[in-house]
Amino acid sequence: MEELANLFQGFAIALQPFNIMVMVLGIVLGVVIGVLPGLGGANGVAILLPLTFSMPPTSAIIMLSCIYWGALFGGAITSILFNIPGEPWSVATTFDGYPMAQQGKAGEALTAAFTSSFVGALFAVVMITLVAPLVASFALRFGPAEKFAVYFLAFCSFVGLSKEPPFKTIAAMMMGFALAAVGLDSITGQLRLTFGFTEMLNGFDFLIAVIGLFGIGEILLTMEEGLSFRGGKAKINLRVVVQTWKELPAYWMTSLRSCLIGCWMGITPAGATPASFMSYGIAKRMSKKGNNFGKGEIEGVVAPETAAHAAGTAALLPMLSLGVPGSPTAAVLLGGLLIWGLQPGPMLFVEQKEFVWGLIASMYLGNLVGLIVVLTCVPIFAAILRIPFSIIAPLILVLCAIGAYSVHSSTFDVILMLVFGVIGYLLKKCNYPLAPLVLAIVLGDKAEEAFRQSLLGSQGSLGIFFSNALVSTIMILGLIALFWSVIQQGYTRLRGATA
Amino acid sequence: MKRSAEFALATMAALYAGAMAAPALAAWEPVRPVEFIVPAGTGGGADQMARTIQGIVTKHNLMKQPMVVINKSGGAGGEGFLDLKASGGNPHKIIITLSNLFTTPLATGIPFSWKDLTPVAMLALDEFVLWVNAEQPFKTTKDFIAAVKAAPAGTMKMGGTGSKQEDQIITVAIEKAAGVRFTYIPYKGGGEVAVQLVGNHVESTVNNPIEAVAQWRGGKLRPLCVFDAKPMAYDEPIADGKSWKDIPSCKSQGLDIEYLMLRGIFMSPRATKDQVEYYVDLFKKVRATPEWLDFMKSGAFNTTFLTGADYAKWVEIEEKRHETLMKDAGFLATGN
Amino acid sequence: MTTGSSSSTGPAHRLVEAGITGLIALFGAVVIYGSVKAGINWGSEGPRAGFFPFYIGIFIVASSAINLWNGLREDNDALFAEWGQLRQVMSVVVPTAIYVGVMPFAGLYLASAVFIGWFMRWLGKYRWVTVLAVSLGMPIVTYFIFERWFLVPLPKGPVEEWLGL
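Residue numbers (my numbering), protein chains in the order written: chain C, 1 to 499; chain W, 500 to 835; chain D, 836 to 1000.
Please note that a few of the clues may not be correct.
[What the hints assert, rightly or not] Straight-line alpha carbon distances no greater than 27 Å define the calculated BS3-like cross-link-like pairs of lysine-lysine that follow:
| # | chain 1 | residue 1 | chain 2 | residue 2 |
| --- | --- | --- | --- | --- |
| 1 | W | 675 | W | 638 |
| 2 | D | 991 | W | 563 |
| 3 | W | 750 | W | 783 |
| 4 | W | 750 | W | 614 |
| 5 | D | 872 | W | 826 |
| 6 | C | 289 | C | 429 |
| 7 | W | 614 | W | 783 |
| 8 | W | 744 | W | 563 |
| 9 | C | 446 | W | 687 |
| 10 | C | 353 | W | 687 |
| 11 | W | 826 | W | 675 |
| 12 | W | 750 | W | 729 |
| 13 | D | 991 | W | 584 |
| 14 | W | 783 | W | 741 |
| 15 | W | 772 | W | 584 |
| 16 | W | 741 | C | 353 |
| 17 | D | 872 | W | 687 |
| 18 | W | 796 | W | 584 |
| 19 | W | 750 | W | 819 |
| 20 | W | 741 | W | 641 |
| 21 | W | 648 | W | 584 |
| 22 | W | 592 | D | 991 |
| 23 | W | 592 | W | 614 |
| 24 | W | 744 | W | 641 |
| 25 | W | 819 | W | 729 |
| 26 | C | 163 | C | 428 |
| 27 | D | 991 | C | 446 |
Derived by calculation from the structure, the hints in this document are not laboratory data.
Just so you know, these numbers come straight off a predicted model, no measurement behind them.
Only chain C is shown next, with the shape it has when bound in the complex (with noise of 0.2 Å):
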């Protein structure tokens, strides 16, 4: 009960005046960073940084904590109204939440959105009271072989799930493995794949290649379509959320698969992209409408959502334990708890209980004012879509070239943009799945990474993917995910034919 105690006295730190308007402040600066693609939650909360040295470091991290949720807050809102997602863990958003922004359903979407973020954000909070130093020490079973298990199991469940031709979903993902490799090889030290171009030195960028083939590819496809958007109906008042907040309680079974993929995700920590697919791949496979995800299924934002914020919230706590950051944002404010003189590890909840509270406390708070900031302005955010499309295309242009430069503050970058956006307009008339491209460009070095350093360790030896109970658990659930697509098929057939 000692928690508690220190739980309460965390929220009377958090209820101080000073702090309640640093918490507010630090979503609306969130939700902008997490708006403008190519800002980012990392650069955004790094930027922020030096901001916060004239604070006290309890309002100062609740300050960069709420940043990190308005960023993830922020991140939905361009991936369900444009179709590009900021941030990695939003790509999985796009897959509904755009196609349900297109039927004039932005306002649902968002709330969805919004609402699941929340949930699972709170689940991990919760989680994160209650059995934090349990949690931690499992984090450190994780070694390579594990890492590289839980990335098979992340593309073993969405594998497959793509309705075109197989060789085309396996085409695109391999371009997106191919794409991830250029650059450094982190095992070896070497370049490759630059052919001596020293602008591919930084391999490619997710975030370009997404900004390009989502948001400038859709915006190609719909001037062939002609000028117009088409969620231009978006009903813009207050009333849409509470009607799909009545609507969200039917998916409880979702949510909480979807957190408590979030939470195994974010401890891992393998992180939140990871978890938003798997979820999303997992609730097409055991939803009753699996068959009508991605046209505009609001199961299919409540999933990906969910997990994604459960992880990016469990992956704090190995932040704090063990000095590890889960996520690139989690890094930079890893690195501000350096600064102001707090040691992240295994004392900090020992020796640091009164800023340990008071930041669970903040996480509490920050979630829930973060939440009512957003709502309040969905409608301003569905009111986007009725600006017309010969003036909001040029800004959105424009805005995706200002993100795809400040990634790495090259131009070259911005030409790129440009060629993945054709490249993704040509790919999608010719029926290629887009989104494994995207999950092999997010993960597929970290993956090969992970193969590579567990062979090292076990000298060339496969057996290390077998070589314990939990590694061997995730990859024989990997194993499953993968085949089950072709036993259900066959199922499919088998019934076909006797019908």
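Assemble chains W and D onto chain C, guided by the hints.
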């Protein structure tokens, strides 16, 4: 208004004094925001230092223009170095370096050498410590080396940051000095390496103090020796009543290896003397702040400060040493 | 999606798709070539840098071959898009390409203002007042948000130099 008037007065005074006394007096000041490039990812050691400096400069108002930290980590930092190399004559760009100033061009063959840049100042040197998991039986370096020798070659795993960079160079040096063989496993960042050691996924690491201190305090890791000529200077107790100063030098433990990592500042090519002096002066002010002293203490840094010709000479010697080390280890780019 | 009415004309879907499949295969070949240069065998440190990309390249080429075969076998004389539609698409692609190409020299702000103005005037047929308000307003807002508040430097050209920004 008052500020700008003061500024004008100060400038005039400086100009006047300059005209009267020595013409070399630093009169240059940045007129645009200064980009502070970090040739490594967000959250790493160099990034933390750069952001601390940015915070100190902002908090104490040491510069009239803002300082902006930009990460250019592509190609093991090659991206950042090439960017600076291409910005000749732009005095509003500075870069913080780590050992990849030497290792990246050697290992990847990208067309860059530190001689392309203008040296400003060495801020500090980062120490390296040999760490093992506290659950392991080895209490001293000798125990550990004996255990590595006893195990079949290559079964003991050494975790480190990056490939063909400082951590792996030290690993190869240990192998040579002690006649043992490790399997080196590269990870993305120092924090991750320390946690892999806590989780017993590797047997030892050569983490920087700041990367592993939390786990040491938590009783999860044990330092064996420091790769410096003498023990570190900080005698505040960290864990079990032991301080950084109580860690013996590796040399005294029979491992004759010294390795320190440069945390220094360079600026773009063709910078004038005035411009260099402005930054030297700026960093002198930064080093005098209490925040900086705290930061140095938390990371147990070696606080050597060098500028001008001394600095350039130090870097030159260090480059030669890296060339030899990398060549001996077989890490040089094969030209692709 | 592309079963356009038979009266209008445009490039055949089959041909465009075959072309794209060919380009993907070419990309795969480039990947294979680069991998071979990086070393594709199993060295002392486990697989070499080019090991995985090599097989990925092989997969790309192989699946493209199958896709090409499937695409050509299919009896589908649908259009990829009508010429008019493609002209619409190009009316965005070409100016954006110019915008992106000019940006390193003219700076982002000037290029953006001209680009937005062009888009609104040409495709939107708005009044000059609206056009000017949006095309000048956007870069100014961008300047304050990015350069002033978030301290993210964006590419600048001679105009900004002249204004002393």
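Hint by hint, which ones does this structure get wrong, listed from lowest number up?
-> As far as the earlier hints go, 3, 4, 8, 10, 14, 18, 21, 27 are violated by this structure, in ascending order.
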